[in-house]
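Let the hints inform the model, and build the full structure from the sequences given.
There are 2 protein chains.
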Amino acid sequence: MQEMQFYMPVPLHCESGCVLAYSHKLAQLGGSCLIVTGRTGARASGALDDVQTALQLQGIEYTVFDEIEENPLVSTCHRAGRAARELGAEFIVAIGGGSALDAGKAVAVYAANSDLGGEEIYDLDWPLPALPCALVPTTAGTSSELDQTAVLTIDALGVKKSVGRADMFPALALVDAKYTYSLPYRATVSTAVDAFSHCAESYFAQNADTISRMFALQGSALLWPSLTTLAGLSPFIEPEQIDTTLRDDISAGCTLAGFSLGRCGTCFPHPLGYLLTEGYAIPHGSATGVFLPAFLQRARRYERGLFDRFLEVVGAPSLAALSATLQKLCPVQVKMDPQQIEDYRPRLQNVKNFARTPGGYTDSDALDLLRQLFL
Amino acid sequence: MQEMQFYMPVPLHCESGCVLAYSHKLAQLGGSCLIVTGRTGARASGALDDVQTALQLQGIEYTVFDEIEENPLVSTCHRAGRAARELGAEFIVAIGGGSALDAGKAVAVYAANSDLGGEEIYDLDWPLPALPCALVPTTAGTSSELDQTAVLTIDALGVKKSVGRADMFPALALVDAKYTYSLPYRATVSTAVDAFSHCAESYFAQNADTISRMFALQGSALLWPSLTTLAGLSPFIEPEQIDTTLRDDISAGCTLAGFSLGRCGTCFPHPLGYLLTEGYAIPHGSATGVFLPAFLQRARRYERGLFDRFLEVVGAPSLAALSATLQKLCPVQVKMDPQQIEDYRPRLQNVKNFARTPGGYTDSDALDLLRQLFL
Chain A
0 MQEMQFYMPV PLHCESGCVL AYSHKLAQLG GSCLIVTGRT GARASGALDD VQTALQLQGI
60 EYTVFDEIEE NPLVSTCHRA GRAARELGAE FIVAIGGGSA LDAGKAVAVY AANSDLGGEE
120 IYDLDWPLPA LPCALVPTTA GTSSELDQTA VLTIDALGVK KSVGRADMFP ALALVDAKYT
180 YSLPYRATVS TAVDAFSHCA ESYFAQNADT ISRMFALQGS ALLWPSLTTL AGLSPFIEPE
240 QIDTTLRDDI SAGCTLAGFS LGRCGTCFPH PLGYLLTEGY AIPHGSATGV FLPAFLQRAR
300 RYERGLFDRF LEVVGAPSLA ALSATLQKLC PVQVKMDPQQ IEDYRPRLQN VKNFARTPGG
360 YTDSDALDLL RQLFL
Chain E
0 MQEMQFYMPV PLHCESGCVL AYSHKLAQLG GSCLIVTGRT GARASGALDD VQTALQLQGI
60 EYTVFDEIEE NPLVSTCHRA GRAARELGAE FIVAIGGGSA LDAGKAVAVY AANSDLGGEE
120 IYDLDWPLPA LPCALVPTTA GTSSELDQTA VLTIDALGVK KSVGRADMFP ALALVDAKYT
180 YSLPYRATVS TAVDAFSHCA ESYFAQNADT ISRMFALQGS ALLWPSLTTL AGLSPFIEPE
240 QIDTTLRDDI SAGCTLAGFS LGRCGTCFPH PLGYLLTEGY AIPHGSATGV FLPAFLQRAR
300 RYERGLFDRF LEVVGAPSLA ALSATLQKLC PVQVKMDPQQ IEDYRPRLQN VKNFARTPGG
360 YTDSDALDLL RQLFL
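Residue numbers (numbering that gives the first Met the number 0), protein chains in the order written: chain A, 0 to 374; chain E, 0 to 374.
The set of hints was computed from the structure by calculation and includes no laboratory data. We treat Cβ as the ideally placed atom computed from N, Cα and C, and that holds for glycine. Any given hint could be a false lead.
[Said to hold, decoys possible] A few chain A positions that, by computed beta-carbon distances, are all more than 12 Å from chain E: (1) Glu85; (2) Pro126; (3) Ile210; (4) Gly252.
[As the list claims (entries may be wrong)] Sample of chain A residues facing chain E (criterion: CB under 7 Å; computed from the structure): (5) Met0; (6) Gln1; (7) Met3; (8) Pro10; (9) Asp48; (10) Thr52; (11) Gln55; (12) Asp65; (13) Ala251.
[Claimed, not checked] Pairwise CB distance ranges (calculated): (14) A/Gly304 to E/Glu311: 50 to 60 Å; (15) E/Glu60 to A/Gly45: 50 to 60 Å; (16) A/Pro234 to E/Glu311: 36 to 46 Å; (17) E/Gln57 to A/Lys334: 53 to 63 Å; (18) E/Asp307 to A/Ser317: 46 to 56 Å; (19) E/Gly45 to A/Asp122: 36 to 46 Å; (20) E/Gly45 to A/Leu318: 29 to 39 Å; (21) E/Gly87 to A/Thr243: 56 to 66 Å; (22) A/Arg303 to E/Ser233: 56 to 66 Å; (23) A/Ala280 to E/Glu60: 53 to 63 Å; (24) E/Asp307 to A/Gly314: 13 to 23 Å.
Written out as structure tokens, the structure reads:
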């Protein structure tokens with residue numbers, strides 16, 4: 000029989016105006032909250048205004064913590080958790096891109112557990128369940144609103160590491176594509192490439208099943224044509240000149256991607272992308288996209304049937320066409336030296352994402368690819 | 000933007016041997032349980048044996064309540080709830096077709112709420128959350144394991160009525176297609192038609208969205224070819240002569256149907272089918288199938304684009320071919336008289352399933368159809 004597994008307990012509303020339309024669902028989470036955001040995106044998108052209006056409508060007290068940086072530090076989340084506790088917050092609302100949303104989930108853990116040290120979150124044994132957390136994305140990339148995972152940066156090491164436990168699943172996801180309308184071109188591209196890579200990596204992952212692949216394909220069918228359109232635009236286009244129908248398609252595609260990502264995880268492009276983000280400050284999606292052509296090549300070699308179906312659904316003529324568009328969208332100039340590449344080896348051993356890759360993937364495969372791309 | 004809504008919090012495992020493989024998940028629900036089943040199906044399928052083995056493996060105490068009838072009575076569920084309470088059961092395991100699974104969900108409510116009278120369940124205001132409930136289907140038809148709904152029969156009226164609240168969502172669904180292998184031909188047909196009608200009705204429902212339609216189409220693509228194969232078999236075929244690959248496809252199709260059904264509900268065939276089940280003892284799926292050709296005709300008239308896509312995905316040449324196969328599978332001989340039909344009118348007014356039908360649907364439309372089919 001066909002094996003299928005499914006668990007995605009997040010109540011999801013994707014709808015224009017959903018933050019106000021579902022404000023009563025915020026009220027079900029408690030009478031006071033901490034709003035967790037970065038410095039700019041939540042305000043610029045209009046999402047922070049809408050959330051504040053919704054909370055006021057429901058008589059919910061709130062305080063804004065707007066200090067989440069990109070690739071959020073463990074220490075920042077820990078500090079926000081203490082702030083939430085001191086304010087007596089009963090739930091968290093996180094607004095922003097993947098950084099703010101991931102931070103929100105971690106803040107909800109720290110807020111509920113006063114004795115938990117910053118990095119102790121990685122031990123996964125905090126005693127009290129995380130506070131409920133409502134997430135409002137302002138980018139269409141990470142699908143963080145649909146999973147229990149937070150990717151944080153460990154302060155002392157400068158290394159990204161993910162953490163997740165069942166009580167970190169969001170209590171509510173409110174997705175309104177209009178919050179992405181003010182996103183600049185480059186951020187739009189990077190986040191859309193991230194969403195597409197979630198579809199592609201999880202579609203070909205060895206632990207995928209009928210249900211997860213259905214989401215991955217449907218997401219890809221929206222995201223790939225959007226990426227080809229983006230590739231044809233000038234990088235200097237103003238945010239408001241980017242077609243909102245295109246924005247809406249990317250938002251819907253990203254939501255669909257989240258179901259497949261949450262079930263299967265990613266393959267080798269994601270962990271390799273972390274190296275470029277940490278070492279070269281390349282945005283997460285673009286950093287991942289650099290490794291996607293090699294991944295798709297491998298997928299074609301080891302999963303030809305799935306690959307042909309993928310090409311058909313996204314409407315791309317060939318692997319070469321997919322690769323050329325990705326290279327245009329993610330024009331990364333990185334140089335590494337041989338010793339530097341060899342020094343990555345310990346970190347690239349026994350990576351669970353590698354094991355899911357079609358045909359398997361080893362640390363040596365990864366180092367070969369780094370040499371090929373960056374020497 | 001595309002509106003999408005999703006909420007399906009049930010942890011689902013569809014896998015050969017899943018009852019034993021996930022016995023640790025039963026242990027997470029408590030240390031003692033009441034097993035709720037009908038008289039025969041749970042034993043004949045082998046599912047009861049597997050569940051007992053799994054519970055013993057985990058040291059969980061259990062008692063079997065095997066008195067659930069087809070179209071379960073409110074009074075029977077109420078009685079089983081008292082039994083669960085008296086035994087100190089911490090959770091319920093229901094095994095069987097839709098009747099036993101629906102009963103299990105109601106039993107979990109009664110068990111937790113000692114003061115709740117039988118029909119008071121329909122007021123939806125019981126004070127304590129239902130006990131957790133693990134469901135193990137032995138038919139592939141209702142997808143009851145994926146929703147919070149129980150369809151019970153009100154003793155005094157002999158009328159089927161559904162009840163559902165968020166705490167009735169199953170805590171665990173364990174689907175092993177092999178439990179359907181011993182199901183006789185006619186029950187296999189009726190339950191598979193039920194699953195197909197869930198796909199068809201929810202696919203065309205006016206409240207459907209991209210995600211629900213994706214599940215409905217994928218389910219239909221497995222179920223329709225299976226139904227055409229079943230239509231070509233002798234009704235006197237022995238259960239073990241029915242191809243297990245066919246059984247597996249029906250099981251997977253039914254699981255996929257459940258996602259769409261739970262999100263959108265059904266249209267007019269389902270409530271009209273109840274009339275045939277209550278008045279003529281026609282099994283639920285076959286009773287619904289009688290009304291599917293008229294429904295598909297309406298779908299073609301009001302949603303031509305969706306209809307053409309549906310035909311393409313199921314691989315049927317035409318509406319006429321779909322209808323002919325359904326009529327062969329559901330050969331119902333029912334005669335009604337004009338007054339009897341008119342007497343159904345009050346019950347067919349303001350039915351929410353009617354409102355979801357493409358083009359809308361009124362009590363007068365329904366009476367016209369009954370006259371056309373049964374006068």
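Now the hints, each set against the structure:
1. In this structure A/Glu85 is separated from chain E by more than 12 Å, as the shortest Cβ-Cβ distance comes to about 32 Å.
2. Under the 12 Å C-beta cut-off, the non-interface status given to A/Pro126 relative to chain E holds; the minimum distance is some 17 Å.
3. With 12 Å as the threshold on Cβ separation, the claim that A/Ile210 sits away from chain E is violated: the shortest Cβ distance comes to roughly 7 Å.
4. A cut-off of 12 Å between C-beta atoms contradicts the statement that A/Gly252 is not in contact with chain E; the least separation is 10 Å.
5. Taken as an interface hint, A/Met0 checks out: its beta carbon lies about 4 Å from the nearest beta carbon of chain E, inside 7 Å.
6. Annotation: A/Gln1 was flagged as interfacial toward chain E, and the flag holds, the nearest CB pair being 5 Å apart, inside 7 Å.
7. The interface hint given for A/Met3 is met, as the beta carbon of that residue sits about 4 Å from the closest beta carbon of chain E, less than 7 Å.
8. Residue-level restraint check for A/Pro10 holds (minimum Cβ-Cβ distance to chain E is 5 Å; threshold 7 Å).
9. A cut of 7 Å between beta carbons decides the hint on A/Asp48: the least distance to chain E is about 19 Å, and the hint is violated.
10. Hint status for A/Thr52: violated, given a least beta-carbon distance of 20 Å to chain E, over 7 Å.
11. Below 7 Å, beta-carbon pairs count as interface contacts, and A/Gln55 has none with chain E, the closest being about 25 Å; its hint is therefore violated.
12. The beta carbon of A/Asp65 comes no nearer than 26 Å to any beta carbon in chain E, farther than 7 Å, and the hint placing it at the interface is violated.
13. Proximity of A/Ala251 to chain E holds as hinted, the smallest CB-CB distance being about 5 Å (cut-off 7 Å).
14. For the pair A/Gly304 and E/Glu311, the beta carbons lie near 21 Å from each other, so the given range of 50 to 60 Å is not met.
15. Range check, E/Glu60 to A/Gly45: Cβ separation about 56 Å, and the 50 to 60 Å hint holds.
16. Range check, A/Pro234 to E/Glu311: Cβ separation about 40 Å, and the 36 to 46 Å hint holds.
17. At about 57 Å, the CB distance of E/Gln57 to A/Lys334 agrees with the hint of 53 to 63 Å.
18. Hint check: E/Asp307 to A/Ser317, Cβ distance near 29 Å, so the stated range 46 to 56 Å is violated.
19. Here the CB-CB span from E/Gly45 to A/Asp122 is close to 42 Å, well matched to the stated 36 to 46 Å.
20. A hinted range of 29 to 39 Å for the beta carbons of E/Gly45 and A/Leu318 is inconsistent with their spacing of about 47 Å.
21. Hint check: E/Gly87 to A/Thr243, Cβ distance near 58 Å, so the stated range 56 to 66 Å holds.
22. Take A/Arg303 and E/Ser233: their Cβ atoms lie about 40 Å apart, and the range 56 to 66 Å is violated.
23. At roughly 59 Å, the beta-carbon separation of A/Ala280 and E/Glu60 lies within the given 53 to 63 Å, and the hint holds.
24. For the pair E/Asp307 and A/Gly314, the beta carbons lie near 20 Å from each other, so the given range of 13 to 23 Å is met.
Violation of the numbered hints given earlier is confined to hints 3, 4, 9, 10, 11, 12, 14, 18, 20 and 22; the remaining hints are satisfied by the structure.
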